[in-house]
Every structure is written in C-alpha cells, then in structure tokens.
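Number of protein chains: 2
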Amino acid sequence: MSAKAKWLNKVKWDEHGLVPVIAQEVGSNHVLMFAWMNRDALSRTVESGEAVYWSRSRKKLWHKGEESGHIQKVHEIRLDCDEDVVLLKVEQVGDIACHTGRHSCFFQQFSGDHQKGEWTAVDPVLKDPENIYKK
Amino acid sequence: MSAKAKWLNKVKWDEHGLVPVIAQEVGSNHVLMFAWMNRDALSRTVESGEAVYWSRSRKKLWHKGEESGHIQKVHEIRLDCDEDVVLLKVEQVGDIACHTGRHSCFFQQFSGDHQKGEWTAVDPVLKDPENIYKK
Chain H
56 MSAKAKWLNK VKWDEHGLVP VIAQEVGSNH VLMFAWMNRD ALSRTVESGE
106 AVYWSRSRKK LWHKGEESGH IQKVHEIRLD CDEDVVLLKV EQVGDIACHT
156 GRHSCFFQQF SGDHQKGEWT AVDPVLKDPE NIYKK
Chain G
56 MSAKAKWLNK VKWDEHGLVP VIAQEVGSNH VLMFAWMNRD ALSRTVESGE
106 AVYWSRSRKK LWHKGEESGH IQKVHEIRLD CDEDVVLLKV EQVGDIACHT
156 GRHSCFFQQF SGDHQKGEWT AVDPVLKDPE NIYKK
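Just so you know, the sequences run in chain order H and G. If you're matching positions, the first sequence starts at 56 in our numbering and goes up one per residue. If you're matching positions, the second sequence starts at 56 in our numbering and goes up one per residue.
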C-alpha cells in the first residue's frame with residue numbers, strides 16, 4: 056500500500072502523521088466512537104469501504120471489527136474546515152461500536168455542577184464483551 | 056478558577072493537558088465541530104452552560120461565539136469508554152458553528168476512489184464570514 060495518492064495531501068496530518076476521526080452512524084447520526092488514522096489507514100478505508108484506523112496503543116493498523124465482527128461500512132467521508140479532522144458516516148454492523156458491548160463509546164454522562172459532578176454509565180450493554188471477543 | 060474538582064480527574068488528559076471534544080447538535084445530531092479543552096475549559100463549560108474550548112493556536116481559553124455571537128448552549132456532556140474524548144450535545148445559536156459561515160465544519164465531502172479522489176465543499180454558506188466577525 057503506497058498511500059501516496061494526491062487526495063491524501065489535502066489532510067493536515069499531525070506531527071505523528073495522524074488525523075482524529077469521528078465515526079457517526081448513518082441514519083441515527085449517533086456518534087459511535089473516536090479514533091485516529093494515518094495515511095495508510097485512510098487509504099485502506101476508501102479502498103475497502105470499511106473503517107480502518109491506526110491503533111496508537113498497538114502501533115498498527117486496526118481494521119475495526121476484525122476480531123468482533125463489528126465492522127463499520129463507510130457511506131460517506133467528510134473533512135472539516137481546517138482539514139485536520141475526518142468524519143466517517145458508517146453503518147455499524149452488529150449495532151455495537153464499543154468494546155464494552157455498547158452501541159456507542161460515549162455512554163458516560165455528566166451530572167452535577169462544576170464543583171461537584173460525576174460521570175454515570177447510562178447506556179445499556181447490548182452484548183457481554185466476553186461473547187464478543189471469542190478466544 | 057481552580058478547576059481542581061474531583062470529577063475532572065476522571066478525564067484522561069493528554070500530555071498537553073488537553074482532551075478532544077466533539078460538539079453535536081441536540082435534535083438533529085449533526086456533528087458541528089471538533090475542538091480541544093483543558094481542565095479550566097471543561098470546568099467553565101459546566102459552570103456557564105456554554106461551550107468553552109482551549110484554542111491551541113492562540114493558546115488561550117476560547118468562549119465559542121465570543122466574537123460571532125454563535126455560542127453553544129450545552130445540554131449534555133458525555134465521556135467515552137477510554138475517558139479520553141468528550142462529547143458535547145449543544146444548541147447552536149445562529150445555526151452556524153463554522154467560521155466559514157456554514158452550519159457544520161464538516162462540509163467537505165470525499166468522492167472518488169483510493170487512487171484518485173477529491174474533496175468538495177457540499178454544504179451552503181449561510182452567512183458571509185465578513186458579516187459574522189464584525190470589525
């Protein structure tokens with residue numbers, strides 16, 4: 056994979072060669088997750104039609120759903136005004152984007168005030184992670 | 056502003072003391088913009104009920120809409136599973152989140168394939184930026 060295509064130059068890659076990516080569900084417009092891509096990941100995403108991210112912790116390409124089956128079929132790709140953030144509109148296979156077995160990674164809700172607040176998990180676990188990642 | 060409240064410790068601030076923030080419109084669920092916050096910005100956001108970001112270019116707090124009037128009234132704040140990304144659900148005053156005068160910053164759409172692609176501005180300018188930022 057060369058990932059040298061001209062259209063990739065429009066993206067302002069950060070000092071690590073990465074760009075933040077927001078994955079949003081087509082239809083509901085739910086924000087499912089946030090991740091990062093490098094040039095190769097974005098190129099492969101376009102080529103395959105499925106979301107491929109760069110895992111900063113594992114330092115390798117991460118084809119979302121490669122273990123869980125919860126792949127993301129890409130319907131649309133957008134770039135922001137500063138050209139340094141990507142928005143993916145995806146169909147979330149299995150309806151589960153989060154490794155905790157929830158629909159969205161953004162399941163912790165703030166309540167309280169600026170002096171005394173708390174974060175509470177408010178969305179249901181749809182599938183036990185034990186059963187998502189089969190040994 | 057101390058920004059020492061315990062609930063702020065739940066957030067995993069990056070090496071610059073920042074967290075990525077996605078602003079999403081209440082109701083439509085449109086993703087409006089992406090920005091960053093430090094502890095002080097998030098604390099002030101909760102205290103004021105209006106989005107306050109950290110401007111990485113200007114290196115100072117940025118009360119969104121302070122010049123344009125296009126403030127964001129915060130309805131809900133969410134944190135993701137890794138506790139390192141914040142999602143704001145906001146009411147966008149003036150319907151314009153982008154400094155280009157568009158509803159959303161994500162107005163550039165990709166078309167093509169991985170070898171030959173292009174980005175095209177597909178959303179309308181609702182108000183001329185010249186008239187948003189009055190001298």
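Source of the hints: derived by calculation from the structure; they are not laboratory data. Misleading hints may appear alongside valid ones.
Stated by the list, open to error - With a Cα cut of at most 20 Å, we get these calculated DMTMM-like pairs of lysine to aspartate or glutamate: (1) H:LYS67 / H:ASP137; (2) H:LYS59 / H:GLU122; (3) G:LYS114 / H:ASP69; (4) G:LYS128 / H:ASP168.
A quick look at each hint next to the structure:
no.: 1; hint: H:LYS67 / H:ASP137; in the structure: holds, 8 Å
no.: 2; hint: H:LYS59 / H:GLU122; in the structure: violated, 28 Å
no.: 3; hint: G:LYS114 / H:ASP69; in the structure: holds, 17 Å
no.: 4; hint: G:LYS128 / H:ASP168; in the structure: holds, 15 Å
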